[in-house]
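Listed below, chain by chain, are the residues.
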Amino acid sequence: MTGRAGIGLMLILAAAAPAPPGASSCSGCHGAEAPIAGHDAKEMTESLNGYRSGARPSTVMGRIVKGFTEPELIAIADWWAARK
Amino acid sequence: MIRRRHVLAAGVTLPFTATARVTPRVVVIGGGFGGATAARFLRRNGVSATLLEPNATFVACPFSNAVISGERRLDAQKFGYAAIAAEGVKVVHAAATSVDTNGKSVTVSDGTKIPYDRLILSPGIDIIWGGLEGYDEAAAARLPHAWQAGEQTLLLRRQLEAMPDGGLVVMSVPPNPYRCPPGPYERASLIAWYLKSHKPRSKILVLDAKDVFSKQKLFQNAWKQLYPGLLEWVSLSDGGKVVRVDPASLTFETEFGSHKADVGIVVPPQRAGAIAVLSGAADRSGWCPIDPVTFESRLVPGVHVLGDAAIAGAMPKSAFAANAQAKVCADAVSALLRGDKPEEPRLINTCYSVAAPEYGFSVAGVYRPVNGMLTEIEGAGGTSPLDAPETQRVQEARYGDRWFQTITAEVFG
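Chain order of the listed sequences is A and B. Taking my numbering, I'd label the letters of the first sequence as residues 1 to 84. Taking my numbering, I'd label the letters of the second sequence as residues 1001 to 1413.
None of these hints come from the bench; they were simulated from the model. Careful, some of the hints might be misleading.
Partial list, computed: chain A residues near chain B (C-beta under 8 Å) [said to hold, decoys possible]:
1. Ala19
2. His30
3. Thr59
4. Thr69
Virtual Cβ for every residue (Gly too), placed ideally from N, Cα, C.
Input sequences plus hints: build the corresponding full structure.
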C-alpha cells in the first residue's frame, strides 16, 4: 500500500502547517478571518514591528509584541497571511 | 515494520495496533471557553471529539458584571452548541460522573461509558461550600456569589434593584487564586456606577482578603475620580478579611468587627471543577498541575487540563487564557496522537475591565514554559498606562466589547 499513500498524506500535512508559537492566540481578539487571515505578510510584519518600536500607536499590541523576537513575528505574520 | 514506522514518523493518524481504529478519539469535559474551543480545534485537526456538557446553553461570565449593574441583558451572555455540533463535534448534554483513567473511559449521568484515547478536562471552577464559614449552598440564595453566571447574576441584579436608596452593599473577596482576578473590582465599580446614577446615598464596601490585586492602580484611580465616598475598599492589612458570614442577617464578620449589609455578595473560595478532583488530576491545593507544553496532567497520564481548573503558572484564570490554552492543547494532543513531539508554545493573555461603561483598561501577558511552568516573558505585557487620556479609556472599553463578540464567535459561532 504504502509508498504512494505515505507521500499523499505527507502532502496534506505540509499544506496544514502547524501554527508557529503564539500565532493561535491572535484569534482570541482578531477572529480567524479577515483582517488578519489572508493579510499581506510584509505589511503585517511592518505593523507588528511598528507596534514594538512605538512608531505605530496602540493600546495593547505594543505590550504583546514585546514578547516576541522579530523572526517569531515574521513566522506569525506568514502563517496568518497563508490563512483565508 | 520499517515502512510502518516511516509512515508514523510522517505524522499520520494511523492505528497503533493492527486492529485499532484509524481516527483517535478525544473526550472533552466542559463546554466553556476552554472545552468548546478545544473540541472544535481538535475536529479541525481531524481528531474525533466528543464534548460533554450538561447544559444546553452556556452563560458567559465575562461582561456579566454589566448585567448586574443593569447595562446589559443576560441574553447577551448566552450561547448554544449548534455551530460546534455542525462542525462535527459530537456534543453530548450529560454530566461526566466518573473517569476510569486506567481503562480510559468516562461514565456519564445515564450510565453510558465513553472510551477515549486522550481526555481533556476543562471543568472550570467549583465553589468550596463552607470554605468561608457560614457560606453554604443555601446561603447563596441570600448572599449571591454570581461567580457562575446565570440565575445568580439575575438574583443579585434583583436585590440591587430592590435595595432602597441609602443602603449598604458589602462584597467579600477571597485570597488568590480564583476565577477572573480583576472581576471583583470591576463588579464593585459597576455597582458603584449603578448606585451613583440611581441610589446616590448608598455605598459599596469591599472587604478583601488581599493587599494587592489585578489592575489595582487603574481601579483605584478610577474610584477616586468617579466614586468618591461611594466605594470603599478595605485591604487585608486594614482588617478586610472576612472570616464568617451570617446569611440570615446579611452580616459579614472580619477579625476586627462586623458589617450588616442590605445587599451582600460573597466571591467564594474556589477549586477545580469536581470531575477534575474525581479524576485524580487535582492536587491538595484543589487545582490541577499540568505540563506547560501539552497541558497534560502531572498526576494522571492521558488526561489534559486547561482553563480555570489548571495551575497554569503565571497565566490568570481568564476566558482569554482558557481559549488560548485550548488551541495550544488541541494542537499538542493532535501531535501526541500522531506520535509527534508537540512544539514548545507561546501563549498570550489579554483581559479588559471597565470601571464604568465607557472607562476601560487592559492587562496583557505573553507566556512560555520555563522550568516546567508557564512563565511571563519579562519586558512584555503589563497594564494600560495610568496616565492614559480619556480617549484611550473609551477606546479600550470598546475594544473590550469587540473582544467579547470576537471570542464568543470563535468559540460558539
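So, going through the hints one by one against the coordinates:
{"no.": "1", "hint": "Ala19", "verdict": "holds (7 Å)"}
{"no.": "2", "hint": "His30", "verdict": "holds (7 Å)"}
{"no.": "3", "hint": "Thr59", "verdict": "holds (5 Å)"}
{"no.": "4", "hint": "Thr69", "verdict": "violated (10 Å)"}
In summary, the one numbered hint that this structure violates is 4.
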